[in-house]
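Undergrad: Sequence:
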Amino acid sequence: MSVFEATAHHSVSPHQGSLTGGANQVRVRAYNERLVLSLVRLHGSLSKADITRRSGLSAQTVSVIMRSLESEGLLLRGDPVRGKVGQPSVPMRLNPDAVYSFGVKIGRRSADLVLMDFVGQIRLQHHETYAYPQPDRIMEIIISGIARLEGQLAADERSRIAGLGIAAPFELWNWADEVGAPPGAMDTWRSFDLHSEVAARVSYPVFLQNDATSACGAELVFGVGPSYADFIYLFVGSFIGGGIVLNSSVYSGRTGTAGAIGPLPVRGKDGETRQLLDIASIFVLENLLRDSGIDPQPLWYSADDWIDFGEPLEVWIQDSAAALAQAIVAAASVIDFGAAVIDGGFPHWVRRRLVNATIDAVARLDLQGVIIPDIIEGKVGAQARAIGGASLPIFARYLMDQNVLFKDLAEA
1 MSVFEATAHH
11 SVSPHQGSLT
21 GGANQVRVRA
31 YNERLVLSLV
41 RLHGSLSKAD
51 ITRRSGLSAQ
61 TVSVIMRSLE
71 SEGLLLRGDP
81 VRGKVGQPSV
91 PMRLNPDAVY
101 SFGVKIGRRS
111 ADLVLMDFVG
121 QIRLQHHETY
131 AYPQPDRIME
141 IIISGIARLE
151 GQLAADERSR
161 IAGLGIAAPF
171 ELWNWADEVG
181 APPGAMDTWR
191 SFDLHSEVAA
201 RVSYPVFLQN
211 DATSACGAEL
221 VFGVGPSYAD
231 FIYLFVGSFI
241 GGGIVLNSSV
251 YSGRTGTAGA
261 IGPLPVRGKD
271 GETRQLLDIA
281 SIFVLENLLR
291 DSGIDPQPLW
301 YSADDWIDFG
311 EPLEVWIQDS
321 AAALAQAIVA
331 AASVIDFGAA
341 VIDGGFPHWV
351 RRRLVNATID
361 AVARLDLQGV
371 IIPDIIEGKV
381 GAQARAIGGA
391 SLPIFARYLM
401 DQNVLFKDLA
411 EA
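Numbering (the UniProt record's numbering), first residue to last: 1 to 412.
Hints were generated in silico from the structure; no laboratory data involved. Be a bit skeptical, because a hint or two may be false.
[Unchecked claim] As a list, the in silico EDC-like pairs of lysine to aspartate or glutamate whose alpha-carbon atoms are at most 20 angstroms apart:
no., residue 1, residue 2
1, LYS269, ASP291
2, LYS48, ASP79
3, LYS48, GLU70
4, LYS269, ASP230
5, LYS379, ASP305
6, LYS379, ASP230
7, LYS269, ASP360
[What the hints assert, rightly or not] The following label-pair restraints were derived from C-beta to C-beta distances:
no., residue 1, residue 2, range
8, ARG67, ALA131, 48 to 56 angstroms
9, PRO298, SER89, 28 to 36 angstroms
10, SER71, GLY369, 54 to 62 angstroms
11, ARG201, GLU157, 53 to 61 angstroms
12, SER89, GLN125, 34 to 42 angstroms
13, VAL370, GLY44, 31 to 39 angstroms
Nothing here was measured: the structure is a model prediction, and the numbers come from that model. Every residue gets a Cβ at the ideal spot worked out from N, C-alpha and C, and that includes glycine.
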């Protein structure tokens with residue numbers, strides 16, 4: 001179970017319910033501390049009265065918890081806000097420097113390592129490209145990259161690192177031909193236990209999650225999550241992937257592949273039925289550039305620094321948008337999503353063009369009986385997978401899953 005998929009609980013104070021004994025008191029206290037931190041994270045800053053009202057905890061319980069969290073450096077005190085009557089309220093916010101976390105994204109053309117702070121901002125990052133991923137190369141990138149970033153931190157900053165979260169595609173050996181890997185070169189991944197191998201080499205807790213699910217979780221937590229309780233998420237990377245959010249929680253399904261979206265059958269412009277990933281993936285743009293005599297390597301140097309490749313890019317955007325439109329209509333026919341969120345490993349201007357083209361393509365389809373969700377840009381951006389990975393240790397130790405939090409808010 002990922003940290004974005006916890007079973008919902010109710011907030012409780014130490015004086016509520018039937019829990020007794022020191023161990024249970026500690027568990028309740030820990031739960032309530034997570035609730036307070038999560039509420040503050042969600043709203044940016046909250047006063048004691050705000051938290052009391054939103055959490056359902058007693059004012060005394062909230063006071064004790066907030067004093068403790070402030071003394072531990074997890075919360076920072078803001079400037080007092082004076083109202084018309086009574087004492088001024090003091091908003092509290094998360095201390096960005098209180099906790100750090102490493103996040104790794106393993107892609108089929110590149111890997112990213114980031115150091116993220118307590119509020120989801122990337123402080124340090126390292127990027128490497130390769131022709132295709134192999135276990136030894138990935139291990140070297142992770143281990144040496146962590147050492148390199150640690151070397152830029154003071155000792156007290158290193159002591160605040162909560163862990164390492166890895167976002168990687170499941171079954172990396174699939175679609176090896178599409179990325180030009182030699183026959184059998186990717187088969188070593190079939191028996192390679194990435195989680196265990198990394199955990200044996202680093203001193204931090206290690207978490208592993210599917211890369212598209214991680215990106216979806218990042219969008220839920222740091223992106224459009226507060227605005228949409230239900231959305232389908234489409235992340236266009238080397239291969240397109242995605243996720244599903246229902247009731248403010250990532251839904252991964254029985255086998256963890258719900259919302260994978262890539263294998264969805266769509267019709268290409270030639271009228272033939274193909275998988276979505278064979279049209280709306282960056283490896284397709286790579287091949288278009290190569291066929292046009294354009295070096296595709298800049299696609300993988302930096303997701304934020306693409307140049308406008310001209311006609312091949314426009315062809316890819318239009319073809320991808322037509323396929324994404326079909327996928328969105330198919331998804332909306334099954335679940336009444338509030339939004340379809342499109343993001344990917346490309347600059348914001350490419351994302352904007354792709355979203356606008358998808359909106360136009362949806363309008364050209366037969367929409368009888370289908371309620372189309374809002375088709376919008378993702379807010380997290382190209383580093384969504386690494387940010388989602390880095391979120392895993394922080395949520396596991398300090399915060400609550402969105403579905404728990406929103407249930408508490410609804411019942412407060």
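Undergrad: With reference to the structure, classify each hint as holding or not holding.
TA: We went through each hint and held it up to the structure:
The hinted pair formed by LYS269 and ASP291 meets the criterion: a straight-line CA distance of about 18 angstroms does not exceed 20 angstroms. Between LYS48 and ASP79 the alpha-carbon distance is near 13 angstroms, which keeps this suggested pair within the 20 angstroms criterion. Among the hinted pairs, LYS48 with GLU70 is consistent with the structure: their alpha-carbon atoms are about 12 angstroms apart, no more than 20 angstroms. Proximity of LYS269 to ASP230 is assessed by CA-CA distance (about 30 angstroms); at most 20 angstroms being required, the pair is judged violated.
At roughly 18 angstroms between alpha-carbon atoms, LYS379 and ASP305 fall within 20 angstroms of each other, so this suggested pair holds. Restraint check for LYS379 and ASP230: satisfied, since their Cα atoms lie roughly 16 angstroms apart, inside the 20 angstroms limit. As the CA atoms of LYS269 and ASP360 are separated by approximately 15 angstroms, the hinted pair is consistent with the 20 angstroms bound. ARG67 and ALA131 have their C-beta atoms about 55 angstroms apart, which keeps the hinted 48 to 56 angstroms range intact.
Checked against the hint of 28 to 36 angstroms, the C-beta distance between PRO298 and SER89 comes to roughly 51 angstroms, which is inconsistent with it. Taking 54 to 62 angstroms as the suggested C-beta distance range, the pair SER71 and GLY369 conforms, at roughly 58 angstroms. Under the hint 53 to 61 angstroms, the C-beta atoms of ARG201 and GLU157, about 21 angstroms apart, miss the expected range. For SER89 and GLN125, the hinted distance range of 34 to 42 angstroms is satisfied, since their beta carbons lie about 37 angstroms from each other.
Checked against the hint of 31 to 39 angstroms, the pair VAL370 and GLY44 passes, with Cβ atoms roughly 36 angstroms apart.
Hint compliance for this structure: hints 4, 9, 11 are broken, all remaining hints hold.
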